[in-house]
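Residue strings, one per chain:
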Amino acid sequence: MAALSPWDSNLGQSNRAQLAEIDASCRGSVLLFFLSGMLWLLAGTVLALLASYKLHAPGFLGDAAWLTFGRIRTAHLNAVIYGFSAEVAVGVILWLMCRLCRVPLMAQSLINSAAVLWNIGLVIGIVGILAGDTTGVEYLELPKYCTPILFLSFALIAVWTIVIFRFRREKHLYVSQWYILAAVLWFPWLYSTAQLLLVMDPARGAVQAAVNWWYGHNVLGLWFTPVGLASIYYFLPKVIGRPIHSYYLSVLGFWTLALFYNWNGFHHLVGGPFPAWMITISIVASVMMIIPVVATAINHHFTMIGHFGKLKYSPTLRFIVFGAMSYTVSSLQGVLSAVRWFSETAHFTHHTVAHAHWGMYAFFTMTMFGSMYYILPRITQREWPSERLISLHFWCTAVGIILYVAPLSWGGWLQGKAMLDAQIPFLEVVKVTLPYLKLRTVTGVILAVGHVAFFANICWLLVRTFGPYRQPEPMILAGVQPQTAPVGK
Amino acid sequence: MNYGPLLFLGILFTLASSWFGLVVMPNQQLGSLQPNMDTNTGVVFPQPLPGEAAQGRELYRSLGCNYCHTQQVRREGFGSDIARGWGKRGSVARDYIYDRPVFLGSSRTGPDLTNIGERQPSYEWHYSHLYNPQTTSKGSIMPPYAFLFELRRVGPDGPSTNAVKLGGEFAPEPGWEVHPKPEAKQLVEYLRSLRSSVALPEAPLPKLE
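As you go down the protein sequences, you meet chains G and Z in turn.
The first sequence: position 11 = 29 (this note's numbering), numbered continuously.
The second sequence: position 10 = 585 (this note's numbering), numbered continuously.
No wet-lab data here; the hints were simulated from the structure.
Incorrect hints may appear among the rest.
[Said to hold, decoys possible] Computed list of lysine-lysine pairs in DSSO-like fashion (alpha-carbon distance at most 30 Å, straight line):
id : chain 1 : residue 1 : chain 2 : residue 2
1  : Z       : Lys663    : Z       : Lys713
2  : Z       : Lys713    : G       : Lys449
3  : G       : Lys435    : G       : Lys449
4  : Z       : Lys740    : G       : Lys449
[As the list claims (entries may be wrong)] Example chain G residues on the side facing chain Z (calculated, C-beta under 8 Å, incomplete):
id : residue
5  : Asp81
6  : Glu156
7  : Trp207
8  : Pro291
9  : Gly462
Values in this document were obtained by computation on a predicted structure and should not be read as measured data.
Beta carbons are placed, not taken as given, at the ideal position from N, Cα and C, and that holds for glycine.
Based on the sequences and whatever the hints tell you, model everything.
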């Protein structure tokens, strides 16, 4: 099955030259998406810290409407989802697609203008949320005067990704390409349906909540998840230098995800004012998600097996493996949360918040960090300047997010248990959550340190691009060159 | 899977299936619900919100209240919603037909508000609580909404009856009093309008024992 992997030990000199040409063509556009995404990450982190702190110190910065919890929290969510996550995802999509199709990025100015449009739309939208113009619909809070800009920008990106695919020189399709194609086709459909039925011309009553969670779940499941999985499928075999364990498990994982994931949304409505069939169908689909999750986990694990030692050397691998493991854990946690008896307790608690961060951060964000560690040196032709900053980044984010999600999941469960007992006054329930909310602020600071370290390293790397060209050498963390090249070419 | 068109069709078909099942079908079933008229009492429910409460609802949206407060009561036997007094009956789809957007909510950092108008009908309680939740609920983590209020000098006729009654550490300096701005009034009107005491054919009220 060796031919099914992007990794090929016998890459000839001409192939290398071709890859270098593709990397160079991606340089400006991918950098633009990565850098603006990183700025959104920093802004989102500040907003997150404020929101988290306010939740156990409610009077803090409470004198102005734009600083109130409900707005800061919403601004945080939109900055990290539509700013950081989406923009970095697009950068990764473009680079992966060009590499796997073996075509240079064409008409970069088109993609660059999409990036600029996206950022303009988002700045308007976030300012709008802080000013009170939120739509009030979860995951779709951006006001309607900015969403058409975002849609136009994404349409450009999606069309261009498909154009790159259409003109591919490599006839073999790799798993990552399936996931990317799916993501760029699914997202515009989801977004336009949700905008039409929730913001532009709202459907009647409870139907809005249905459309809301069809979108809300799928924006994670059908947009971010496929991009995250595309990255894992590409970088894992690439860095360790061996093909993906099983082609058939990849196929099984992809099609079962495509079939089941998009039916999951209504598990957010368990106990809500809906006919039973709606809720039940989503619970069934959620449980079926065990198939793609386990298939993917087995596939990744058996690819990695015997190569875990390489985690010492490659920053990309560390983040990607952390992300892949988190995908399994958070997805199985999601399956559990969808089941009625579990939902009765955990629904409406901080358990859900922890779960969202497990998926969006421990899985998706970590995977994107790993991808950037691989892509940035190749498009800038400079190596990472500081090994220490990489270590700081990894340990802060890895330890930080575990300390965030594990205790908060537990705290949310206790909160739910206390809430189920009608004899416990509500303010006592609040008291149960306080230690976990405070710990969350502490972990937020740890994560913030990691983000700053990463951003500093990126800036330093970019400063280096003004210096003389140096043959990039793969950054390895442990200071020892392992037997096989840790960062494949 | 090297055949592009098949991949495309599969990708489009899978999402089309859930678009049909989770968007089109619910819209078919719930998208044209009408208010119910009780043939005995002639009461029509639900009703659109009156002006001031409707403005208050906009503030509720704009301040993001729905991120900590749900407006959905789970049926008897599933959760403690009814035992906690958050509603007299489970919520049903028809309760929401006039809501744009629907504030079902997904988090109970604070209590459910479906029935807050009946649980707390007092203007005074709401003003005091919004001005600073600590005045009525010591230990609450709800933020203060003091920016919906203004400080005014006590007039020559003595303290105004409209002023928010605040005691102890929350009282303004002598000679000053706290008045709700129109926004605070609207928000309280909205909260007072939230009730779940009307039965629907699909959601009767539990019989009194």
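The hints, checked one at a time:
no., hint, verdict
1, Z:Lys663 - Z:Lys713, "holds, 26 Å"
2, Z:Lys713 - G:Lys449, "holds, 11 Å"
3, G:Lys435 - G:Lys449, "holds, 13 Å"
4, Z:Lys740 - G:Lys449, "holds, 27 Å"
5, Asp81, "holds, 6 Å"
6, Glu156, "holds, 6 Å"
7, Trp207, "holds, 6 Å"
8, Pro291, "holds, 4 Å"
9, Gly462, "violated, 16 Å"
Comparing the model with each numbered hint stated earlier shows that hint 9 is the single one that does not hold.
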